[in-house]
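Given only the sequences and the hints, what does the whole structure look like? Please build it.
So the chains spell out like this:
Protein chains: 2
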Amino acid sequence: MTRERLYLYDTTLRDGQQTQGVDFSFEDKTRIAAALDRLGLDYIEGGWPGANPTDSEFFARAPRTRATFTAFGMTKRAGRSAANDDVLAAVMNANTPAVCLVGKTHDFHVTTALGITLEENLENIAASVAHVVAGGREALFDAEHFFDGYRANPDYALACIRAAYQAGARWVVLCDTNGGALPHDIRKGVKAAVDAGVPGARLGIHTHNDTENAVANSLVAVAAGARQIQGTLNGLGERCGNANLVSLIPTLMLKEPYASQFEIGVTQDGLRSLTKVSRLLDDILNRVPNPAAPYVGASAFTHKAGLHASAIAKDPTTYEHIPPEAVGNARFIPMSNQAGQSNLRERLEAAGITVEKGDPRLALILEDIKAREDRGFAYDTAPASFELVARGHLGLLPRFFDVERYRVTVDRRYNARNERITVSEAVVVVRIGDERLMSVSESRDESGHDQGPVNALSRALAKDLGPYQSSIEDLRLVDFRVRITNGGTDAVTRVIIDSEDGQGRRWSTVGVSANVVDASFQALLDSIVWKLLRDGVEPA
Amino acid sequence: MTRERLYLYDTTLRDGQQTQGVDFSFEDKTRIAAALDRLGLDYIEGGWPGANPTDSEFFARAPRTRATFTAFGMTKRAGRSAANDDVLAAVMNANTPAVCLVGKTHDFHVTTALGITLEENLENIAASVAHVVAGGREALFDAEHFFDGYRANPDYALACIRAAYQAGARWVVLCDTNGGALPHDIRKGVKAAVDAGVPGARLGIHTHNDTENAVANSLVAVAAGARQIQGTLNGLGERCGNANLVSLIPTLMLKEPYASQFEIGVTQDGLRSLTKVSRLLDDILNRVPNPAAPYVGASAFTHKAGLHASAIAKDPTTYEHIPPEAVGNARFIPMSNQAGQSNLRERLEAAGITVEKGDPRLALILEDIKAREDRGFAYDTAPASFELVARGHLGLLPRFFDVERYRVTVDRRYNARNERITVSEAVVVVRIGDERLMSVSESRDESGHDQGPVNALSRALAKDLGPYQSSIEDLRLVDFRVRITNGGTDAVTRVIIDSEDGQGRRWSTVGVSANVVDASFQALLDSIVWKLLRDGVEPA
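From first to last, the protein sequence lines are chains A and B.
If you're matching positions, the first sequence starts at 1 in the UniProt record's numbering and goes up one per residue.
If you're matching positions, the second sequence starts at 1 in the UniProt record's numbering and goes up one per residue.
If you are wondering where the hints come from, they were derived from the structure by calculation, not from laboratory data.
Check the hints yourself; a few may be wrong.
For identical chains, the list gives no copy identity; a pair is met inside one copy or between any two copies.
Claimed, not checked - List time: in silico DSSO-like cross-link candidates among lysine-lysine, alpha-carbon distance up to 30 angstroms:
id	residue 1	residue 2
1	Lys255	Lys191
2	Lys276	Lys255
3	Lys188	Lys255
4	Lys314	Lys357
5	Lys370	Lys314
Given below as C-alpha cells:
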C-alpha cells in the first residue's frame, strides 16, 4: 500500500521569533535551520526579508538546505501593482525557491485593520500570488484568520482562498491566527475549503495553542483533507505558541491511522534525533527544557508512582505508550517519598551500584533524601548529588579532600581610568590526607575579566587539588540556576549546577543555603567529587 | 433552554503529586484544596489514605469543602473479601463522602501485572464498588488503561466497566492511563461504553498529555457523551501531565457549543480568578509560571509583532480570541526589536509617561534597549528596569544617589563549637548630593542567620540611604532568578529580581554581569530607584 505524502512546514525562525523573550541572532538562525534540515522537514521559513536587519542578513547569506527555503511576507497593498510594492519587492529579492504571503480572509479585518474594500483585498491576493508565480517561485498563501472569517462570512473567506488557489498558489494555508478555534471548528473549515474547490492536496493548516488544542487542530485538519502542517520546534510562537512539530512528528510516524496512511520527510533515524533537536533549541534560547514536554521531556518516561515503577520493571509497555528510544529519550525512575525501594535500587543500578533487595541501608537512604528535600534540595533534577548521598550511606564515597574554610571577596570600584570594575578573589584552605593547602585566586576568564565569586572559588579549589588536578582539568560549568525555595520554614537559595567534561559527560548537582555563594560552593564540590568518582580516581 | 450539568473532578492533589519534583506538604494540600473549592470544582481528590504519611494526615484533618471530597484507592486484591482488604480499609476509614477506586480493564495488565484471572478481576471490581456503596459513599471507578484495553480486547474492557456500573458506581471514569490515545481513539471508546449500556451521564474521562492531546481528548469525550472531566491545575501530573483544567474551564464556559450546552460549577467570578489560581499553584511549587500557558500565561495576550500590536490598538478582537479580563489576565505589549514605536508609546503610557508620536527620543530608546538586550538584558521580563532606561533618555530619571564602591565578603569556616557557619559582610560607599556615606552591614535574617552577599549589600545600602529610608523600608526581595546567557560573544550572568512593597506593588528588575554579585547589585539598585520613583520621593 503506498502512503500519501504529508508535508511539514517549519516556521520556528519566523512565527517562533514572535515568542516573548525570543530574539534570534544570525548565528542562531543558521544553527536552527541546519538542525531542521537534518531532521527532514520539507519547508523552512527563514523570516521576513526587509522586516529587520537580522532577517535581511539571514536571507542575504541564506543557508543551503535540502528543504525548500521560504521567505515570508504579505500580499501587496491596495492602490499599487504587485511589482511596485516595495515590501513585497524586498521579499522577492531574497530569491528563495518559495515565497509565503499572508493575506486577509476575514471581512472584518479587511475593512477595520486594512480599511479597504472586500473587492480590493481579493484583487491584492490574486495579483500578489500571480506575481510570485510569474517570478518562477513556488507560491504559498497564508489565509490569515480563515476560521474566524469562515464563521463570520463564509462566502467571502472561501472567495479569498479560491482567489489564491486560482492564481496558482501551490499551498493555501488555513490559519487560525488568534488561536481560538476548537477541533470541530477546524474540521468544518477545512471541509468547506475542499467543498469550495481547493483540493486537500493543496491545503495547509497553521494553528496556535491559545486553547491548548494546536496539535489536535493540526491532526483534525489532516483527517479532513489538508496535506501540509505548519508548526514550530517546541511549539515556540506568538502568545501561547504554534502547533508543536516535536509532538506532531512522532504521532504522525508512530500512531495509527497516520503511520499507515502517510509518509513524511522524517526518517526513523531523524525521529531518534528528536529529543536532541528539541534540547538544541532550548540550548540556543538558554531555556530550561520543559520536563513535561510530550515525547521529548525529561519526565515523559519518568515513573514516579511506586506501582507504575514496579510494573515497568516487569514490562515497559505497561505504562509507556511508545518506547522512549524511538524518539531518542530515556526512561527515568526518580527518587521521592512516593518511590519505593525498588525504584531506589534501579537508580543505584544505573549509577553502577548494586544493592541487595531488602538491604536496611535502602530505607536509610530514602529517609535521608526525604529529609534533605524537605530542607530544599531537589534530587530529581540533580542525580549526581543524589548518587553522592547514597554512596555516603553505602560506604562507597571516598574522602578525597576536606574544605577547612574559604573566603571570597567581591570589590566594585572605579579604576585609575575611571572605569567601573569588579574584582573577585577567593581563598580556600583544603586538607588532603595529612597535607593542609592554602591557595588564593582571582576570578578571570581567558581575557582576564572578572567572572565572579563562584569562578574565583572554583579556580582556587583547582589550585589546591594538586593530586586530582588532571582529572578536573576538563571540568566545565555549563549552567547554573538559582531559585529561592523553602527549606523547612525559612526561605533558602537552591543552586543547581550543570557540569560537562571533555568526554561528553554532563551531570547536575545541587547546593542549598541561605547564602547563594555557599549554595554554589556546595554544588561545585559535589560536581568535583562526582567527576573524580567517574574518572576512577583513587583518594590520595 | 436548560443546560446540561457537566462535572469537574480535580486530581491535582493525587495525580498531580506524581509530577517529577512535586511533593506537597500538608499545608500545601490544604491551601490548594481551599483554592479548588473557591474556584467551584465539583470533586476534589485529596490523595490515597494510607499510601504515605502526608496523605494520611491530610485525610485525618480533612478540609471542609463544598466540593465532594474524595479519597483515592484501588480495588481489593484477589483471594480476600473487600471488607478484609487492609489497603481498601485504609481508604474507607478516611470517611470521605466519595471514594474513587482504580481497577484494571486491560486484559494484558490483569494477567501480567496482577497475575490473576480475568474473572477474578471482574469480581474484584464488582465487590469493591459494592463495598463502597454499602458503606454509604458515592462510588467512582477509574477504569485504568480503558482505551488500550478496548483496542486489545473490547469485550473484556466493556465487561469491566459494566461490572462497576452494575455494582452501583456513580461514575465510571474511562482512563487513558499511558496517555497514548488520540482524539479519534477516545471518541470510539466513549461511544462503545455508551453502546455497552453505561449511560453518558455516568461516564467520566481521565486523560494524560503524552501526545499533547489531553485537552482535546477531554473535549471529544464530552462530545461523545461523557459528563465528568478529570484533570489538574496547570496540567500537573505524572510524565507529561494530566488534562489541564485551567485550559478546559474557559473553553467550556466561553466557547461554543460547550457554553450553550453545558453548565459547570464555576461562575464568571470564578473564571476571573483563574489566572490567580494558576499562579498560586506555581507559587506553592516555587515554579516559574509558564508564560505560554493558554488563557492564563503572561504571554497569552502579549502582542509582539508590530502589525498585530497596531491592529490591537484599533480593536483588541483583531488578534485576541477572548477578552483577557474574562480569565483575570491582561494584555501586554513587550519591547523588542520587532516592536515599533507605537508599542513603545503604549508601554510608556502604562508607566504614566506620555510621549508625543514621532518624538525622536523614541528611536533612541528602542536602539538602546536593543543594544542592551544584545548584551544579555531581558526587558520583557523586567519592565521596571525598562522604565528606568526610557526615563533616562527622556530626562525623567532623577539622580537619587551614586554608588562609589562596594566590597562584599563571604567567609565560611568552623566556629568554636565546630559548627560550619558562613558570614557575609558588605561595605558600601554612596554619595547623596554633597554627602559621602560609608556603611557596613552583616547579612542576617530576623534570627541572626546569614542570608548571603546580596542581603548584606541590600542592608548596607538601606543604612546609607538615610533620606530615602522611609520609602524603602517596606521593600522586600521576593524572588531572584539567575541564568547564564550570552552578552555578545561572552557568557554573562543575568539576574532578575522580583520585589514587593507594603502597598501590594510587585515589580521586576534586571542586572547583567559576568559576576553574579554585581548583576544582583544592579538589579537591586534598579529596584530601589523604581520604588523611590513610584513613591514620588524627591531627590535629596
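Status of the hints after comparison with the structure:
Taking the shortest alpha-carbon separations for Lys255 and Lys191, both the intra-copy value of 23 angstroms and the inter-copy value of 21 angstroms come in at or below 30 angstroms. Proximity of Lys276 and Lys255 under a CA criterion of 30 angstroms is satisfied intra-copy only: 21 angstroms inside one chain copy versus 37 angstroms between copies. In this assembly of identical chains, the alpha carbons of Lys188 and Lys255 lie at most 30 angstroms apart whether taken from the same copy (24 angstroms) or from different copies (15 angstroms). Proximity of Lys314 to Lys357 under the C-alpha cut-off of 30 angstroms is restricted to the intra-copy arrangement: shortest distance 16 angstroms within a copy versus 69 angstroms between copies.
For a Cα distance limit of 30 angstroms, the shortest separation of Lys370 from Lys314 inside one copy, 26 angstroms, qualifies, whereas the shortest one across copies, 55 angstroms, does not.
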